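Enquirer: Sequence:
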Amino acid sequence: MSQDLTKQWLAEIKALKQQLTEQQRDHDNAWESAQKWRQLYNTEAEQRRTDTHLFQQAIASLKAEIHKLKGIEGGILGDGKATTAIQQEIQQIESVEELQAKLIAVTKERDRLLQALKTEQESHAQTRKSLTTALGDAIDSLARERTGGEKK
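So in UniProt numbering, the last spot in the sequence shown is 152, and the numbers never skip.
Hints listed in this document are in silico derivations from the structure and should not be mistaken for laboratory results. Treat the hints with caution; some may be incorrect.
Said to hold, decoys possible - Keeping only pairs whose Cα atoms sit at most 30 Å apart, straight-line, the calculated DSSO-like set for lysine-lysine is:
| id | residue 1 | residue 2 |
| --- | --- | --- |
| 1 | K102 | K118 |
| 2 | K70 | K102 |
| 3 | K81 | K70 |
| 4 | K7 | K17 |
| 5 | K118 | K70 |
| 6 | K17 | K36 |
| 7 | K118 | K129 |
| 8 | K14 | K68 |
| 9 | K118 | K108 |
| 10 | K17 | K68 |
| 11 | K70 | K36 |
| 12 | K81 | K68 |
| 13 | K68 | K118 |
| 14 | K108 | K81 |
| 15 | K108 | K70 |
| 16 | K81 | K63 |
Quick caveat, the model's predicted, so the values are computed rather than measured.
Given these sequences and hints, build the entire structure.
Expert: And the structure:
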């Protein structure tokens with residue numbers, strides 16, 4: 001009877017060891033799975049942080065561009081009084097024909113100013129060319145004079 005009892009105890013110990021081994025394996029598998037999920041979560045979180053940072057940079061860039069464009073518009077007109085005067089003039093237009101006439105007049109004035117600017121630029125280029133040529137001639141003349149003076 002004692003031998004049966006010993007066999008029974010040994011069988012139970014063996015079964016318990018088997019269960020303990022299986023539990024340890026399940027625990028290790030669960031831990032490994034948790035580690036994989038943790039890594040995936042961290043990777044996703046890092047990607048979200050990167051995206052957020054990029055979006056914040058894009059928003060800041062767009063805001064700067066908006067401010068720049070607003071500044072350019074303000075800079076072209078010079079001051080608020082000119083803008084107000086233009087807005088009042090536009091508000092006084094009562095018909096499409098008046099608006100068309102005003103647009104034609106503004107377009108003609110713009111074309112006239114562009115032509116005047118082009119003429120001024122051409123005149124400036126010609127003056128620069130003439131001055132450069134005169135300066136070159138003066139330098140050549142001075143060089144000849146120095147060379148002639150050294151020979152004597």
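Enquirer: Keeping to a limit of 30 Å between CA atoms, is the pair of K14 and K68 held or broken?
Expert: violated, 80 Å
Enquirer: Taking 30 Å as the top limit, are the C-alpha atoms of K102 and K118 close enough?
Expert: Holds - the C-alpha atoms of K118 and K102 are around 24 Å apart, at most 30 Å.
Enquirer: Just to be careful, I want the Cα atoms of K81 and K68 compared with a cutoff of 30 Å; is the pair within it?
Expert: holds, 20 Å
Enquirer: Hint check: K70 vs K36, CA-CA at most 30 Å. Holds or violated?
Expert: violated, 51 Å
Enquirer: Are the Cα positions of K7 and K17 separated by 30 Å at most?
Expert: Within the cut-off at roughly 15 Å; holds.
Enquirer: With the threshold set at 30 Å, check whether the alpha-carbon distance from K118 to K70 stays at or below it.
Expert: holds, 28 Å
Enquirer: Within a Cα-Cα threshold of 30 Å, do K17 and K68 meet the stated pairing?
Expert: It is violated: about 75 Å lies between the C-alpha atoms, which goes past 30 Å.
Enquirer: Between K70 and K102, is the straight-line Cα distance small enough, at 30 Å or below?
Expert: holds, 25 Å
Enquirer: Within 30 Å, alpha carbon to alpha carbon, are K81 and K63?
Expert: Since the Cα atoms of K81 and K63 sit roughly 26 Å apart, the hinted pair holds (cutoff 30 Å).
Enquirer: Hinted pair, alpha-carbon criterion (30 Å max): K108, K70. Please report holds or violated.
Expert: The hint holds at about 26 Å.
Enquirer: Between the alpha carbons of K17 and K36, is the straight-line distance 30 Å or under?
Expert: holds, 28 Å
Enquirer: Could you grab the alpha-carbon distance between K118 and K108 and see if it respects the 30 Å cut-off?
Expert: holds, 15 Å
Hint check: violations occur at hints 8, 10 and 11; the rest are consistent with the structure.
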